[in-house]
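Next come the chains, spelled out residue by residue.
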Amino acid sequence: MTKLVYFAWVRERIGKPEEELEIPPNVVTVRDLLNHLKTLGEEYENALQYPEVIRVALNQEHVEHSEAIAGAREIGLFPPMTGG
Amino acid sequence: MTKLVYFAWVRERIGKPEEELEIPPNVVTVRDLLNHLKTLGEEYENALQYPEVIRVALNQEHVEHSEAIAGAREIGLFPPMTGG
Amino acid sequence: MPEAVISTIRVQTEDFELQAEVAALTAGRHDIGAVVSFSGLCRDEQGALSALELEHYPGMAEAEMRRIGGIAVERFSLLGLTAIHRYGKILPGENIVLVIAAAPHRQAAFDGANFVMDFLKTSAPFWKKEHAVDGTEGGWVSAKDADGEAQDKWR
Amino acid sequence: MPEAVISTIRVQTEDFELQAEVAALTAGRHDIGAVVSFSGLCRDEQGALSALELEHYPGMAEAEMRRIGGIAVERFSLLGLTAIHRYGKILPGENIVLVIAAAPHRQAAFDGANFVMDFLKTSAPFWKKEHAVDGTEGGWVSAKDADGEAQDKWR
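Chains as they are written, first to last, in the numbering used here: chain H, 1 to 84; chain D, 85 to 168; chain G, 169 to 323; chain L, 324 to 478.
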């Protein structure tokens, strides 16, 4: 099981701040994960409609969509940052 | 009579912070004034040995050495600024 | 020569005290010649905005601020760095973020604070939601292209 | 739209309060999104310096600071500007100068404060004399070529 955490409008659209998910073995990269999540229901499809804008952190570190997710205990999905 | 005011090492070398001077009519520009002052004694010669480094203000505004001094009530002579 | 230190990294709901944070950086030191502080405040957008709601990724926000700060300390040879970011509801006129950079000379302090702000904007996991004065949620603030471009000056 | 204002120009012997000066600039305003402060402090030059003695041209110092501030307010569309310069004897670790620039957005505030410092260094009539720890006068500080060159970035 892997912990997924969501923020800002990704969190609002998916409808929960976090969850534990079993990730299938054919899901290798961040990009694979985003495509996989979109199959889990309308709320995911809505949140991840434009996957290229979604920012992803593995174990609280920014990664590219090409990165492998193997070994990640916590995966964060969120929109581009707007702090500061 | 024109008021001359001196600062920093210009003041120290001339030996006074200010004085009133009668400026001869053939002294037209700032450059003329610096050359004239050098004739007034050793302390002026010492202070104004390298006239090109001396900064000059007419009525408390920076001017170039080519500027005419006509009409100045107060002329300030000082080294390059080192505040901030 | 005292060590270059990231003195303070904090994510908090409460406001910060500029003077106290500067004093914490400079107290007892005689090698600091320049301190630059940046305070980011909530604007009311010509009266349209009643509040900002700041969300963050706990843990990662601090880690990312510390990472950016470490790069700035090294790159600009800073003698001290403070970065504090608030979260929760913030009203117009209130502080959102504080960055302070201390250095021997002025340009390093200016560059250090400016660099940290540019990267904090696009890399630290914070998100702003607007609340309009008419009671509606104005929605999530969109990331600005200008913020990404602002980083280009550091390449 | 409130007027752009140079809120404060002061030349004084006593120290200043950073927090109070920032508050004076921002109090009651909801259009300021960024405040950048620069504090210049006296360094001890690896323990060699016991104090700086700051001399100034009374009247002209304030006028020149106001002139430089006015250019910065216009050029960077600042919403407020503070410039305070101390004179007299200043010990290592003490403040020498404070510049604060307020603007809607961050880069204008950074640039405004940076610009004012660059021009204040070379145009405001202040002079520093060093006092060495061994009791001797270290002499007048020489103007740095780097300070003239720092202005070139604003051309």
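Just so you know, the hints here were simulated from the structure itself, not pulled from any lab data. Careful, some of the hints might be misleading.
[Said to hold, decoys possible] Which stretches of chain L does chain G cover? Using the computed rule of at least three CB atoms under 8 Å from a CB of chain G, they are:
# : region
1 : 331-343
2 : 347-353
3 : 357-364
4 : 418-431
5 : 435-448
[As the list claims (entries may be wrong)] Pair ranges (Cβ atoms, derived):
#  : chain 1 : residue 1 : chain 2 : residue 2 : range
6  : H       : His36     : L       : Asp475    : 54 to 62 Å
7  : L       : Arg398    : D       : His149    : 22 to 30 Å
8  : H       : His62     : G       : Gln180    : 18 to 26 Å
9  : L       : Gly471    : G       : Gln180    : 58 to 66 Å
10 : L       : Gly393    : H       : Glu19     : 54 to 62 Å
11 : L       : Lys412    : G       : Ala191    : 18 to 26 Å
12 : H       : Lys16     : L       : Glu417    : 30 to 38 Å
13 : H       : Gln49     : G       : Gln180    : 32 to 40 Å
[Said to hold, decoys possible] Below are the EDC-like pairs computed for lysine to aspartate or glutamate, each with C-alpha atoms no more than 20 Å apart in a straight line:
#  : chain 1 : residue 1 : chain 2 : residue 2
14 : G       : Lys257    : L       : Asp354
15 : G       : Lys296    : H       : Glu12
16 : L       : Lys451    : G       : Asp199
17 : D       : Lys122    : D       : Glu151
18 : G       : Lys296    : G       : Asp199
19 : L       : Lys452    : G       : Glu182
20 : D       : Lys100    : L       : Glu376
21 : G       : Lys257    : H       : Glu52
Beta carbons are placed, not taken as given, at the ideal position from N, Cα and C, and that holds for glycine.
Against the structure shown, which of the earlier numbered hints fail to hold, in ascending order? Checked against the structure, the hints that fail are numbers 9, 12, 18, 19 and 21, while the rest are satisfied.
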